[in-house]
Every structure is written in C-alpha cells, then in structure tokens.
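A.B. asks: Please model the complete structure; the sequences and the hints are all you need to start from.
Number of protein chains: 2
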Amino acid sequence: MQTLNVALGDRAYPIHIGRGLLGRAELVLARLKTPRVAIVTNDTVGPLYLGGLRAALEQAGVNVSVVSLPDGEAYKTWETLNRIFDMLLTERCERSTTLVALGGGVVGDMGGFAAACYQRGMPFIQIPTTLLAQVDSSVGGKTAINHPLGKNMIGAFYQPRLVLADIDTLATLPDRELAAGLAEVIKYGLIRDSDFLAWLEASLERLRARDPEALMYAIERSCRNKAEVVAADETEQGERALLNLGHTFGHAIETGLGYGEWLHGEAVAAGTMMAAELSRRLGWLAAGDVDRIEALFVRAKLPVWGPKLGAARYLALMAHDKKVEAGRLRLVLLHALGRARVHGEAALSEIAAAIEARCR
Amino acid sequence: MQTLNVALGDRAYPIHIGRGLLGRAELVLARLKTPRVAIVTNDTVGPLYLGGLRAALEQAGVNVSVVSLPDGEAYKTWETLNRIFDMLLTERCERSTTLVALGGGVVGDMGGFAAACYQRGMPFIQIPTTLLAQVDSSVGGKTAINHPLGKNMIGAFYQPRLVLADIDTLATLPDRELAAGLAEVIKYGLIRDSDFLAWLEASLERLRARDPEALMYAIERSCRNKAEVVAADETEQGERALLNLGHTFGHAIETGLGYGEWLHGEAVAAGTMMAAELSRRLGWLAAGDVDRIEALFVRAKLPVWGPKLGAARYLALMAHDKKVEAGRLRLVLLHALGRARVHGEAALSEIAAAIEARCR
Ligand SMILES: NC(=O)c1ccc[n+]([C@@H]2O[C@H](COP(=O)([O-])OP(=O)(O)OC[C@H]3O[C@@H](n4cnc5c(N)ncnc54)[C@H](O)[C@@H]3O)[C@@H](O)[C@H]2O)c1
Ligand SMILES: NC(=O)c1ccc[n+]([C@@H]2O[C@H](COP(=O)([O-])OP(=O)(O)OC[C@H]3O[C@@H](n4cnc5c(N)ncnc54)[C@H](O)[C@@H]3O)[C@@H](O)[C@H]2O)c1
Ligand SMILES: [Zn+2]
Ligand SMILES: [Zn+2]
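Line order of the protein sequences matches chains X and G. First residue of the first sequence: 1, per UniProt numbering; consecutive thereafter. First residue of the second sequence: 1, per UniProt numbering; consecutive thereafter.
Keep in mind that the hints are not guaranteed to be accurate.
Each pair may be met inside one copy or between any two copies, as identical chains are not told apart.
Said to hold, decoys possible - Computed cross-link-like contacts, SDA-like style, restricted to lysine to any residue with a CA-CA straight-line distance of at most 20 angstroms:
id	residue 1	residue 2
1	K33	G344
2	K33	A241
3	K33	L329
4	K33	G238
5	K33	R330
6	K301	R19
7	K301	A60
8	K308	E294
9	K308	C359
10	K33	R328
11	K33	Q237
It is worth saying that the hints were derived from the structure and are not from the lab. Small disclaimer: the values here were computed from a predicted structure and weren't measured.
C.D. replies: So this is what it looks like as structure tokens:
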C-alpha cells in the first residue's frame, strides 16, 4: 500500500492505494467520527464489492446502512440524489455519520454531494472502483449532479476524509471503462508531467493488460499530480482549471450526444485532440506533438475524433459550460507536451476550425 | 445607516442596516464581481420591492435577471430550488454572476442554497425583507431546503458577500410576521445578552408599533449578537448551537403540524417556553424567570403554549432533528436569563414532562 496526503490544512486527508484494501476496515475506522456509516453504491458495484466491505466493517463494530442506486450517468440527477437523502433520513443517520461512496465517479460525485448537503455537511469517504475515479474524480472534492441544461451544474466543493483506492476492484472493470480512465491518466502527463508522459508511452500496453505494478504506479503518480494541483488551488481560481484539458470540448460532446452515449473519458480524449489541434493552430504545438498525443490515445483504444455535431452546435454547448467568463470562452490549451495554460483570447472562428478539423 | 462586520477572514462581509437602502445601488455594486446579478424573490415581495431595486441596479449599469418563486414555507423544496437553477441556466448566468435574494427567510435560504450549488458556488447577496430574516436568517450563512422527512435537512454553510437590511421594507410586513421575528430578537437577549433583554422588556410596544428607531436598535443589536457567534463558530461545532434555543422543540411543532401551519418564530416562542420549563425543572431557572419570558412573548403576541401533539410524538419528531448526537437529545437550555448552554443529559421522561406542561 502507498499513501499520499492531500495537503489542505485542517481538512488534509490520506489517499491509500494498494491491493486488498476493501477488507482492511482499520483504514476506514481510523477516519470515522462515530462507528456508523452509510454506504452509497450502485446496482453493478454493490453485488461485486459491497459484501466484503460491509462484512469487514461490521466485524469491526461499525453500524452500516446502505443504499444502492441505479447504474449510469443518466441517473446522476436530483431524483437519484434524493434516494440517498431518503435513506439517510429513514435510517436516522446523524450529522456525525460518515457517508461512504463505493463505486465509480457517478457514485462518488453523488455521494459526495449528498454528504455536502445532508444537514449541511456530514463526513465522507471515497472508495473509488473505476480507474477514472481512482485517478481523478475521488480526489479533490469536486462533487455534482447533472441538470438537463448542463453537466455537473449543481454541486459543491466538499473534501472527503479518506480515499481508498483498491486496485483489485479494477479486475472486473470493462475494457471500455479502463480505457476511459486512461484518458485522465494521460491528461496529467500532458498538462504538467512530461516524464510521466514518457513513462506512459513506454508502458501503455502493460496498463491495458492491467499489470498490477503498472496500475499502481500510474494511479499513484496521477493522484500525486492531482493532489498537488488541488492543494495549491482548491476551488479552481487558477491552476486547477488546467485539469480541464479537453473537458470543455468533451462536455459539449457528452451533452450534444445526450449523457451516457460516450463515456466521460472518451469525450475527454476526443476533446483533448481538439485542444491540441487548436494549440497547433496557435503555433504552440508542432504537428508531431499532436501526432504523439493521438498515437497514445489510439493505443489506449480511445476516440481521437469528435462526433459531427457541427461547429456551431459545439460552440453553443461550450458557451453553456462553466469555463465561460465575461462571455469569452476560456480554454485549456497546451503550450508544449507537459505544459498547459488557460487561454481566453482564441477567436471563435479559430476554435470552430479546430473543432471541424477533429470531427469525423 | 449602520454597518456591522461579520469577521470571517477572507470571507468577511458587511451588514448594512438603515432606511432607503434598496435604492442605493452603490452598496450592492461595491460587492459585485461583475455587473451581472440574478435576483431571486417571491410573488409577494416582488410586486412590492423588486421594481425599485431593479431600477436602481439597471441605472447603475448592472445586467439583471429575475426569478419569482411561489410564496410560502411549503415551497421551500427541491422543485422550487430547481426553478432558480432553470433561470440561472437559461439566462446563462456565469459562475461570477451574483445571486441576490430579495425576500424573507424562505427566499434567503433557498437563494443562498442555490448560490452555494450553482456551478459549485457563485457570489451571493442577502436583501432580507422580514424582521426574522433581517435579525437572523440572512446573517451567518446557513442555507437549506426542507425534505418531507425533516426541515432544513438539505443545505449548506455558505456566506453572503453582503447583507442589506432596509428597515423601510418592514412597513408592509403583516403583524403576525413581525411578531414571529420578535421571537428571534428575544432569543438573543435570552441566550447571551441580558442588557438587551432588559431593553426589550422596556421597549416591546415601540417595536410592535414599528418605531423606526426602536427597530433599528433591535436589528443592529440582534445582528451584532449573531455576527459574534457566527464569527466564533461558523459551522456550529460549539457556541453557535446556542442560537437554536427553542428550535428543537419548535421544529417538532412545525413538522408535527405540517410546514406552514405555524410560523417559524411562533414555533420558536412556544419551543422556548418548553426549554425554559425544562430548565426550571433542572433547577436552573426560577419560576419567576419563566414567567418573565412568558410575559415578554405574550406582549409580542406570540404563542406560549405548544399544540397538543402528545409528548411521544414530540420526542419522535425531535429525534429526527439535527441536534441529535449518538442517540441522545442535545438541547439548548437556559442557565439563567441571558445565559444558555447545550445539555445532553436530560432524561427523556423529564423532557416529556416539560413538553406536556407547556402544551394546551
Ligand atoms: N468530481 C470530479 O472531480 C470528477 C472528475 C472526473 C469525472 N467526474 C465524473 O465521474 C463520472 C464518470 O466516472 P466513471 O468513469 O467512474 O463512471 P461510472 O461511475 O459510471 O462507472 C463506470 C461503469 O463501471 C461500473 N463499475 C464501477 N466500478 C466497477 C468495477 N470495479 N467493476 C465493474 N464495473 C464497475 C459502473 O457501475 C458503471 O457502469 C462522470 O459523471 C464525471 O462527471 C468527476
Ligand atoms: N438560515 C438561517 O439561519 C435561518 C434562521 C431562521 C429561520 N430560517 C428560515 O427562515 C424561514 C422563515 O423566514 P421568514 O419568517 O422571513 O418567512 P418568509 O420568508 O416565509 O416570509 C414571511 C411572509 O412575509 C412575506 N414578506 C416578506 N417580506 C415582506 C414584506 N417586506 N412585506 C410584506 N410581506 C413580506 C413573505 O412573502 C411571506 O409570505 C424559515 O424557512 C426558516 O427555516 C433560516
Ligand atoms: Zn474528467
Ligand atoms: Zn430560527
């Protein structure tokens, strides 16, 4: 097991990464306020991993309540969130009860938002079970649900007290989901860690084959990058925005196609190609750089072309996104491989051209 | 105009109290991030005060969007909250847009919670128009909506950037609402300010007659008390809980009768009598102290007896309330007039007896 620390003063918390962690109740126990937890999971993950976690906790004397949500991004809504509140209230969970989110990013985002709102805030633990959740969504305290008019529009910054990333859970993850997680892993290399990018170029097939050592290294290094960014800029006033590389384009794809058509990581990959293409047009990246990014995504079995929604539709959807300030599109672009920056000056026509060039 | 400061470090904010403040756009302008506001009001307050506020802001060059909610505690729900999100999204409000809540505590609580959640947090200004909101709910950053199983169960701690208490708006407030606000004013005297309590005993009829000078003094002193408590204990780990005098009993009345039957302040008055009665039974207050409290509430035209729901039902409803820790009822009681403390040791039978003694 490896342990990282997210340095947020009196809200600092550990990230444990390793094998067999679900059965190690003492790691959870150490972070509880009272021996009482409410586990939020879903109908796919629950049957696989709830039993083991629950048994370990109950054996350690913890009182456990559970709610299982329907599976899917389409259910990341207020109605589903309310099922968590219903459970918390009917089971008489207290403000000191700890909510535990066991699942992928959808369960983590909803569980975290529920914890942020229940009685104005209850303690919260993340047990991410997808690669994407282990390297990205479980770390950093962003929580949210979707609104029909925009993804992740309603949410809170709310930090967990612990992240427990058990690599063994990745054994049952569908290949497509593993690939989607790799999109975020590659992102860290692109925005701030060119050594990691080189390691990924050397190791991608080991990751695809779920070599535990390679996964361990990639997850640890991704979390370290994310933890550093979050500690420096918790509420995304500055540097944290760089984590959104490919995301403004990607959200347009997700919303344009309807939530759940493409996976988040898939949309991020295609969106990152658009950001890279725009960076090339601004003279920041060489054509060869763009090719290197594309090659890595292709090896990860990720899409490198966006769906043909039309540039106008992309721009309209992007204007609805959060990364808008004073009516201008603020985009994360690449100054070099391993170095990102926020850019608010690109002409809409230039952005449109980059989008068109990366749709097929 | 008088100005107080809520000392919360980099989230400190001013409370302006005075006459004619709605027309003074410069006070609002000074606290905006961008010249763009989204006003949340309701169908009663909007027709009275929205026009003046809106005209002043637009004249000062501010872009104004508006949503008007149905009036009443019964609408303090997710569905109504969602109408705010719908407006913010269809009007393309940005994360830097400031949400302005113009109305009583219901509008303020919902507007504040919407601001806390929209894109994970947008700036927020309170313009309270009831006495209760001016002395209590607009200050301190508690926001919430109700859940069918409990009042204010879903919410956030989220501080405004400004509170603008325009005393002129109280002119149109129904007598019953004024009285409800007085319950919270009297509360400050009871829990931590015996000089203020004496002033209230001398001045209650002037307040009932809406003498502006008396109102100004009472609001300013109430806000000062609240601001001090909030600055010392923002998220209610300790002292802030004292502000809940009468509230655990009161919430049981509100929920037991169905939201909207009794006003919040009315429930708090009757609930405070129960807390006082229990304090007397514990030997902390003299019978004469309880009589003094009762006399003040009676002069304020507030109920001093709870509805006959039966002690068992009260206790069941109170156990659903937030002020429960490890299965024990934690209650705010009075050690003396002007001094409150949290007590978690009272026997349920003793609590039940105090409730019965104060129901009629
Ligand atoms: N909060 C953040 O900072 C942040 C960052 C990135 C993404 N997100 C959000 O995360 C979500 C995407 O997360 P995700 O990719 O984990 O999707 P997901 O939660 O939908 O999980 C993907 C699928 O895998 C299943 N699954 C999960 N763990 C499994 C396992 N161990 N074995 C087998 N199946 C398993 C899930 O039930 C689901 O069907 C999006 O809603 C996105 O907005 C949030
Ligand atoms: N956030 C907190 O710290 C806090 C503290 C106390 C109470 N509260 C909440 O506040 C709410 C009660 O607030 P309230 O008492 O202001 O109730 P309210 O908001 O329902 O207002 C009372 C009535 O007066 C009307 N009204 C408002 N201003 C008026 C004016 N100037 N002239 C004429 N009519 C006017 C309203 O439309 C409403 O009908 C409850 O939901 C309670 O939970 C919150
Ligand atoms: Zn992402
Ligand atoms: Zn109150």
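A.B. asks: If a hint holds in the structure, say so; if it does not, say that too.
C.D. replies: Structure-based check of each hint:
1. Taking CA atoms no more than 20 angstroms apart as the test, K33 paired with G344 passes between copies only; the shortest distance there is 18 angstroms, against 44 angstroms inside one copy.
2. Within a single copy, K33 and A241 get their C-alpha atoms only as close as 32 angstroms, which misses the 20 angstroms cut-off; across copies the closest is 19 angstroms, which meets it.
3. For the homomeric pair K33 and L329, the shortest alpha-carbon distance between copies (18 angstroms) is at most 20 angstroms, but the shortest distance inside one copy (43 angstroms) is not.
4. Taking the shortest Cα distances, K33 and G238 sit within 20 angstroms of each other only across copies (16 angstroms), while inside one copy they are farther apart (33 angstroms).
5. In this homomeric assembly, K33 and R330 come within 20 angstroms of each other (Cα to Cα) only across copies, at 17 angstroms, whereas the closest approach inside a single copy is 41 angstroms.
6. Taking the shortest Cα distances, K301 and R19 never come within 20 angstroms of each other, neither inside one copy (26 angstroms) nor across copies (66 angstroms).
7. Proximity of K301 to A60 under the C-alpha cut-off of 20 angstroms is found in neither arrangement, the shortest distances being 42 angstroms within a copy and 54 angstroms between copies.
8. Taking the shortest alpha-carbon separations for K308 and E294, only the intra-copy value of 18 angstroms comes in at or below 20 angstroms, while the best inter-copy value is 72 angstroms.
9. In this assembly of identical chains, the alpha carbons of K308 and C359 lie at most 20 angstroms apart only when taken from the same copy (5 angstroms versus 69 angstroms across copies).
10. In this assembly of identical chains, the alpha carbons of K33 and R328 lie at most 20 angstroms apart only when taken from different copies (16 angstroms versus 45 angstroms within one copy).
11. Taking the shortest alpha-carbon separations for K33 and Q237, only the inter-copy value of 13 angstroms comes in at or below 20 angstroms, while the best intra-copy value is 31 angstroms.
This entry does not satisfy hints 6 and 7, going by the numbered hints stated previously.
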